[in-house]
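Here the protein sequences line up with chains A and B, keeping their order. Mapped onto my numbering, the consecutive letters of the first sequence carry residue numbers 1 to 272. Mapped onto my numbering, the consecutive letters of the second sequence carry residue numbers 1 to 265.
Some clues are possibly wrong.
Said to hold, decoys possible - Listed below are several chain B residues computed to face chain A (Cβ distance under 10 Å; list not exhaustive):
1. Val23
2. Ala81
3. Ile84
4. Val95
5. Asp107
Hint data in this document are derived by calculation from the structure and do not stem from the laboratory. Positions of the beta carbon are idealized from the N, C-alpha and C atoms, including for glycine.
One-letter residues, chain by chain:
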Amino acid sequence: MKRWFSLPYLVWMVIFITVPLLLILFYAVTERTDQGLVFTANHFKQIFDPLYLKVFLRSFKIAFIATLICLALGYPVALFLASKDFPNSSTYLLLFVIPMWMNFLLRTYAWLTLLENNGIINQALELLGISKVQFLYNEGAVILGTVYNFLPFMVLPVYSVIVKIDESVIRAAQDLGANNIQVLLKVIVPLSLPGVISGITMVFMPSVSTFVISRLLGGGQFPLIGNIIEQQFLLTSNWGFGSALSFVLLVLVIISMFFTNMNNKDGKESIL
Amino acid sequence: MSKVLKKLYIWLIILFLYAPIVVLMVYSFNDSRSRATWSGFTFRWYIELFQDRMILQALYYTITIALLSSVIATIIGTFAAIGIFGYKKLSFNLVRNISYIPVINADIVTGVSLMLLFVFLGINQGFFTLLIAHITFNIPYVIFSVLPKLYQMDVHVYEAAMDLGASPLTSILKVVIPEIRHGIITGFLLAFTLSLDDFVISFFTTGPGVNNLSIIIYSMARRGINPKINALSTLMFAVVMILLFVINKKSASNNHLEKKVRREI
Chain A
1 MKRWFSLPYL VWMVIFITVP LLLILFYAVT ERTDQGLVFT ANHFKQIFDP LYLKVFLRSF
61 KIAFIATLIC LALGYPVALF LASKDFPNSS TYLLLFVIPM WMNFLLRTYA WLTLLENNGI
121 INQALELLGI SKVQFLYNEG AVILGTVYNF LPFMVLPVYS VIVKIDESVI RAAQDLGANN
181 IQVLLKVIVP LSLPGVISGI TMVFMPSVST FVISRLLGGG QFPLIGNIIE QQFLLTSNWG
241 FGSALSFVLL VLVIISMFFT NMNNKDGKES IL
Chain B
1 MSKVLKKLYI WLIILFLYAP IVVLMVYSFN DSRSRATWSG FTFRWYIELF QDRMILQALY
61 YTITIALLSS VIATIIGTFA AIGIFGYKKL SFNLVRNISY IPVINADIVT GVSLMLLFVF
121 LGINQGFFTL LIAHITFNIP YVIFSVLPKL YQMDVHVYEA AMDLGASPLT SILKVVIPEI
181 RHGIITGFLL AFTLSLDDFV ISFFTTGPGV NNLSIIIYSM ARRGINPKIN ALSTLMFAVV
241 MILLFVINKK SASNNHLEKK VRREI
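If we strip away everything but chain A, and leave its shape as in the complex, we get (with noise of 0.2 Å):
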């Protein structure tokens, strides 16, 4: 088929995927001194003062806690979803769609309303007899809300894959002696692999540079990266830092997709 159908296209990614990508390296090892524009290192090396470590290390932490507590939450339901015993099982993945279509930023704000200190929760609890709990602006409150907005990121993909095991493998592993556990560890979670991995790139990176969660669920006690770079952008104008912290989670960006690729060689299957 034609070819030059793309043009537009690659016209578009050129200008605006690719050379505001350069930009940020450029005004990341540049700096405007006297002399002019001179090459630098100096805003990748304000990464490792001990204060913006500090955040980075924060930032992996809840990332990775909040992709782990998504996998072990989201895998079974792909798992049960994926099984006979949900055979309208389409329906059920529209429900885990349906609340990306209300804005995210006020679900999150929801939980405001839950969790706060005289919250529906905290109520619920004392008619319980028991004690209030301090649930907002800890870090378990910014990997809740962590959670809770990109759990269904994990849920999709893992479903998408494991529905499409062939089931004559399981049989065939049932047949040979297989034991239920034993086929679920050796057969469906080798096999769903891809979906895994294609699910923690989706909700390790939104978590890892938010700043929405941790300002409002965090009461903006523990910045993260994210947090950070807008900082530099919108208030301290340092963009120099600012695009050195940006390119730090493009290169991670670039290694998740290296991944990805390795799962999906000639790229004929879907991956979104």
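Model the placement of chain B on the given structure of chain A, informed by the hints.
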């Protein structure tokens, strides 16, 4: 594990996903401004909503940007996918990988990179830059919805149309596009929803005076969100649900028809 336990587990997770949404909807009928107390049922916020210029303007920008960006992205993206489909392996992989970056990239990095571009080119940020940003992150979703459909399609159909004397453009419009229409529709819907819900990229690429709903909500969050916003979201959610119901009914009958035709062939 028994079926009951599985069902219970799934419904617990669904409860977790819907609890805040229910809270938000219920509190849109709360007579008190504060979210801490319930002081009676009211439609007040639904009425006041339509008198709030700021919210209505944000709604206008949100919907205009979502419609324009998803239509433009669907056109550019569909033709892009058809073109890329014919590439040799190396250039195919290159374009595919670059297009994949906005999909998995952190929103904040996409937003910041576009902001740097606009500043670099000396473009004042506003409606136009917001639209460009939305088109940019929408196109890849269209491409990746359409590409799999192209692989499922029988290329001989296209060649047959050419052999019968159709020009390349006619064969694309009359033969290929109808074959891949499900991918195009999925891509369009995906683009539209993503645009409607976007905050981070819009936050960095818009200018003074041009706010979408997400930006308004974010700026309100510090002082406490006005129940009018809850009312608006409840309305929008209801509209989406109704649309979804209608589309589902329609596509269910279409699928039924298609299966019937297939069987008869």
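Tested hints:
Taking 10 Å as the C-beta contact cut-off toward chain A, the hint placing Val23/B at the interface holds, the least distance being around 5 Å. The restraint placing Ala81/B at the interface with chain A holds, with a minimum CB-CB distance near 8 Å, inside the 10 Å limit. Because the smallest distance between the Cβ of Ile84/B and any Cβ of chain A comes to about 5 Å, under 10 Å, the interface hint for this residue holds. Restraint check, Val95/B versus chain A: the minimum CB separation of about 7 Å is within 10 Å; hint holds.
Given hint, Asp107/B at the interface with chain A, holds; its Cβ is 7 Å from that chain's nearest Cβ, closer than 10 Å.
Hint check: no violations occur; every hint is consistent with the structure.
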